[in-house]
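Colleague: Fit chain C with the ligands to the given chain V structure using the hints.
Each chain is listed here by its residues.
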Amino acid sequence: MSNRTLPVNIQGNHACALGAVAAGCRFYAGYPITPSSEVAERMSAELPKVGGIFIQMEDEIGSMGAIIGASMGGSKVMTATSGPGFSLKQENIGYAAMTETPCVVVNVMRGGPSTGMPTRPAQGDVMQARWGTHGDHPAIVLVPSSVKEVFDETVRAFNLAETLRTPVILLIDEVVGHLVETIALPKASELDLVDRKWADGPKKGFQPFAVTDDMVPPMPRPGDGYRAHFTGLTHDESGFPTQKPEKVAQAVGRILDKLERHRDLIESYEALQTDDAELLVVAYGITGRSARKAVAMARDKGLKAGLLRPITLWPFPEAALKEATKNARHVLVPEMNAGQLCYEVERICGTERIARLNRFDGEAISPAHILEKIEELA
Amino acid sequence: MAVAESVDNFEINDYLRLEMMPHFLCPGCGHGIAMRALLWAVHELGIDKNKLAIVSGIGCSGRMGAYVDANTFHVTHGRPLAFATGLALARPDLEVVVITGDGDALAIGGNHLIHACRRNLRMTCLLLNNEVYGMTGGQVSPTTSENRLTTTTPAGNLEPVFDACKLAEAAGAGLVGREVTLQTPTLKDLIKEGLAYPGFAFIEVISDCTEIFGRKNDLGNSPEMILSQKKSMRPDSYGTVVDEPFRPNSLPTGVLARNDRPEYGETYRNFAKSKQGRAK
Ligand SMILES: Cc1ncc(C[n+]2csc(CCOP(=O)(O)OP(=O)(O)O)c2C)c(N)n1
Ligand code: SF4
Ligand SMILES: [Mg+2]
Chain V
438 MSNRTLPVNI QGNHACALGA VAAGCRFYAG YPITPSSEVA ERMSAELPKV
488 GGIFIQMEDE IGSMGAIIGA SMGGSKVMTA TSGPGFSLKQ ENIGYAAMTE
538 TPCVVVNVMR GGPSTGMPTR PAQGDVMQAR WGTHGDHPAI VLVPSSVKEV
588 FDETVRAFNL AETLRTPVIL LIDEVVGHLV ETIALPKASE LDLVDRKWAD
638 GPKKGFQPFA VTDDMVPPMP RPGDGYRAHF TGLTHDESGF PTQKPEKVAQ
688 AVGRILDKLE RHRDLIESYE ALQTDDAELL VVAYGITGRS ARKAVAMARD
738 KGLKAGLLRP ITLWPFPEAA LKEATKNARH VLVPEMNAGQ LCYEVERICG
788 TERIARLNRF DGEAISPAHI LEKIEELA
Chain C
14 MAVAESVDNF EINDYLRLEM MPHFLCPGCG HGIAMRALLW AVHELGIDKN
64 KLAIVSGIGC SGRMGAYVDA NTFHVTHGRP LAFATGLALA RPDLEVVVIT
114 GDGDALAIGG NHLIHACRRN LRMTCLLLNN EVYGMTGGQV SPTTSENRLT
164 TTTPAGNLEP VFDACKLAEA AGAGLVGREV TLQTPTLKDL IKEGLAYPGF
214 AFIEVISDCT EIFGRKNDLG NSPEMILSQK KSMRPDSYGT VVDEPFRPNS
264 LPTGVLARND RPEYGETYRN FAKSKQGRAK
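Read top to bottom, the protein sequences are chains V and C. Residue numbering for the first sequence follows my numbering, beginning at 438 and increasing consecutively. Residue numbering for the second sequence follows my numbering, beginning at 14 and increasing consecutively.
Bound-form chain V, shown alone:
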């Protein structure tokens, strides 16, 4: 790891793989799909070097199952995919949420629906990342917008997954995934890494899903003598199925609450010139970068524009948006989809001030395009 301080030229997908290994990922299972395959390819080369395991499974459902199994065994785990594969993973993502099994799921977004446009960028999976699996479930979704941020957010994804015992989804768009940038990789010693809390107390009477102060119960590791039960059925503190209304409400309530409680840890965003902004742009991923440039161009023209770029999409940084829109007459939400995050922005800011800029033709949204819209609104 010591030779990793020199700047390197790498693409986003490789930065994701290197971030994962640096974060302690030691198990990867995946199924090839454009535009995410470079993550798997890099993991297949990196993991054996550090004593980890790479496996190409028979499909995305199996990949998701395999990483959960390995995580239950004690490994830090990841899988990567794109739209069609992300759809297939949904049932098991819910299982990871329900059994509170840490895992990182990367979705390098391409054009959809269906097979869509495998090699073209899109941001069409924003709502699926939040609501893809059935039932009321917690969701942490991170969306980096540069190669360096891919590395950093991958590390953070692992830390959040381990801290909160929950699946974390990393949404990368095709542009960022394939973008090559020069970044300085941090030394291993510079990274703050978190390992999940393992159960180490008395074995007798151990409650694997006890309600603890932080809402995150310590996880029993197989072989350590706890002989715990995991199930996707709604379970009480003992881990065994229950249908008692008060126990069900407590169990589902807790896995939702644990994210609310740790919002400060989860939420991340970039706020740029928001203090006096009369027009706020809310954009993420590669669109967030175009928006940053567009806001600078607007300022040069004397327009009071600002940018809120959520890095955590879910749970959405609500307080930050309220703060940033204090003086805003317009809130512009450019997205590479037919309009998804705009609904969350509308929920927080009301519909009157919202303007949309949508593109779902396989092309990224340029700074000039956003500037044009800013000028139109101003």
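Because the hints were derived from the structure by calculation, they are not lab data. Built from N, CA and C at the ideal position, the CB exists for glycine as well. Among the clues, some could well be false.
List of simulated lysine-lysine pairs, DSS-like, C-alpha gap at most 27 Å [unchecked claim]:
| id | chain 1 | residue 1 | chain 2 | residue 2 |
| --- | --- | --- | --- | --- |
| 1 | V | Lys-634 | C | Lys-62 |
| 2 | V | Lys-624 | C | Lys-286 |
| 3 | V | Lys-741 | V | Lys-763 |
| 4 | V | Lys-486 | C | Lys-288 |
| 5 | V | Lys-810 | V | Lys-763 |
| 6 | V | Lys-738 | V | Lys-759 |
| 7 | V | Lys-681 | V | Lys-640 |
| 8 | V | Lys-730 | V | Lys-585 |
| 9 | V | Lys-640 | V | Lys-695 |
| 10 | V | Lys-641 | C | Lys-64 |
| 11 | C | Lys-229 | C | Lys-244 |
| 12 | V | Lys-585 | V | Lys-486 |
| 13 | C | Lys-64 | C | Lys-286 |
| 14 | V | Lys-641 | V | Lys-684 |
| 15 | V | Lys-730 | V | Lys-759 |
| 16 | V | Lys-624 | V | Lys-585 |
| 17 | V | Lys-641 | C | Lys-62 |
| 18 | V | Lys-641 | V | Lys-695 |
| 19 | V | Lys-810 | V | Lys-759 |
| 20 | C | Lys-243 | C | Lys-229 |
| 21 | C | Lys-288 | V | Lys-624 |
| 22 | V | Lys-634 | C | Lys-64 |
| 23 | V | Lys-695 | V | Lys-759 |
| 24 | V | Lys-640 | C | Lys-62 |
| 25 | C | Lys-286 | V | Lys-486 |
| 26 | V | Lys-810 | V | Lys-730 |
| 27 | V | Lys-640 | C | Lys-64 |
| 28 | C | Lys-244 | C | Lys-205 |
| 29 | V | Lys-634 | V | Lys-684 |
| 30 | V | Lys-624 | V | Lys-634 |
Far from chain V by the CB rule (all over 10 Å, computed), these chain C residues [claimed, not checked]:
| id | residue |
| --- | --- |
| 31 | Gly-59 |
| 32 | Ser-158 |
| 33 | Phe-175 |
| 34 | Asn-234 |
Pulled a few chain V residues facing chain C out of the computed Cβ check, cut under 7 Å [to be verified]:
| id | residue |
| --- | --- |
| 35 | Pro-485 |
| 36 | Glu-495 |
| 37 | Ala-503 |
| 38 | Ile-504 |
| 39 | Gly-506 |
| 40 | Asn-529 |
Modeller: The following block gives chain C with the ligands in isolation, referenced to the frame of chain V:
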């Protein structure tokens, strides 16, 4: 019974989560017998309960894991082999047993079964075949015999049946065997062979859904159903059976195929070691 207990000293309660009793199986369900055979085999091999990991799918068969005093993982429908693949690769020190059903392993999870056999990762897969979707109320399954009545084949099953053991053998499973619940000690011995096998062991257990499938087809009470297994058994070795695409009327039992070859986990670990050597 007393004699048997003193000979093998097996006390099933030592392996059960007694706080989970009463269990949810219908009276006379064959799955319970399969469970007993598994725990008996675990006992005779002296497997440490702390190292025993049971991964099960969804179905009456999949519910079995919850009653075993071990590390138990009740996963999603059809996927226990995929979860077990991750667990066994990450934790080669564990004794991984998969419990699955005919719907779980052969319909929704068929792809995982094929590839688990092909990889030959060390684990034992018990397929509890009761010819029906028990848990969901008795719908047709890939192993329902022709003409049998189920809740989704009101005129009798029109689809042909397939042979899980032939599938497993063709896909490369290290050890393939089949036994009926009627022969519990023989089943126990077969499971022991599976547990001791240094690769992927696939064991089909001919079980019975007495309450739903049995009633629907007038197959008699539970003892009658279990005794009727005698009629469909065939002790011949698998090799002598004329090759047929679908399940023959009488089933060969015992060890049906062996394909001794490298265990995948070890192969991968050796490869990884060679990479670590080079990095230094
Ligand atoms: C994805 C999904 N589809 C369907 C179901 C409903 N389901 C539960 S058990 C089952 C069939 C179980 O049959 P089998 O595997 O033969 O087990 P048995 O109950 O007979 O032991 C089905 C279809 C489910 N739980 N999940
Ligand atoms: S429904 Fe059938 S398979 Fe399920 S417990 Fe009852 S008898 Fe057994
Ligand atoms: Mg069945």
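Colleague: Confirm or reject each hint.
Modeller: Okay, the hints, checked on the actual structure:
no. : hint                      : in the structure
1   : Lys-634(V) <-> Lys-62(C)  : holds (23 Å)
2   : Lys-624(V) <-> Lys-286(C) : holds (24 Å)
3   : Lys-741(V) <-> Lys-763(V) : holds (13 Å)
4   : Lys-486(V) <-> Lys-288(C) : holds (5 Å)
5   : Lys-810(V) <-> Lys-763(V) : holds (21 Å)
6   : Lys-738(V) <-> Lys-759(V) : holds (26 Å)
7   : Lys-681(V) <-> Lys-640(V) : holds (25 Å)
8   : Lys-730(V) <-> Lys-585(V) : holds (18 Å)
9   : Lys-640(V) <-> Lys-695(V) : holds (25 Å)
10  : Lys-641(V) <-> Lys-64(C)  : holds (17 Å)
11  : Lys-229(C) <-> Lys-244(C) : holds (20 Å)
12  : Lys-585(V) <-> Lys-486(V) : holds (23 Å)
13  : Lys-64(C) <-> Lys-286(C)  : holds (25 Å)
14  : Lys-641(V) <-> Lys-684(V) : holds (22 Å)
15  : Lys-730(V) <-> Lys-759(V) : holds (23 Å)
16  : Lys-624(V) <-> Lys-585(V) : holds (14 Å)
17  : Lys-641(V) <-> Lys-62(C)  : holds (15 Å)
18  : Lys-641(V) <-> Lys-695(V) : holds (26 Å)
19  : Lys-810(V) <-> Lys-759(V) : holds (22 Å)
20  : Lys-243(C) <-> Lys-229(C) : holds (21 Å)
21  : Lys-288(C) <-> Lys-624(V) : holds (21 Å)
22  : Lys-634(V) <-> Lys-64(C)  : holds (21 Å)
23  : Lys-695(V) <-> Lys-759(V) : holds (23 Å)
24  : Lys-640(V) <-> Lys-62(C)  : holds (14 Å)
25  : Lys-286(C) <-> Lys-486(V) : holds (8 Å)
26  : Lys-810(V) <-> Lys-730(V) : holds (13 Å)
27  : Lys-640(V) <-> Lys-64(C)  : holds (15 Å)
28  : Lys-244(C) <-> Lys-205(C) : holds (25 Å)
29  : Lys-634(V) <-> Lys-684(V) : holds (24 Å)
30  : Lys-624(V) <-> Lys-634(V) : holds (24 Å)
31  : Gly-59                    : holds (16 Å)
32  : Ser-158                   : holds (29 Å)
33  : Phe-175                   : holds (19 Å)
34  : Asn-234                   : holds (29 Å)
35  : Pro-485                   : holds (4 Å)
36  : Glu-495                   : holds (4 Å)
37  : Ala-503                   : holds (3 Å)
38  : Ile-504                   : holds (6 Å)
39  : Gly-506                   : holds (3 Å)
40  : Asn-529                   : holds (6 Å)
When each numbered hint is compared with the structure, no violation occurs for any of them.
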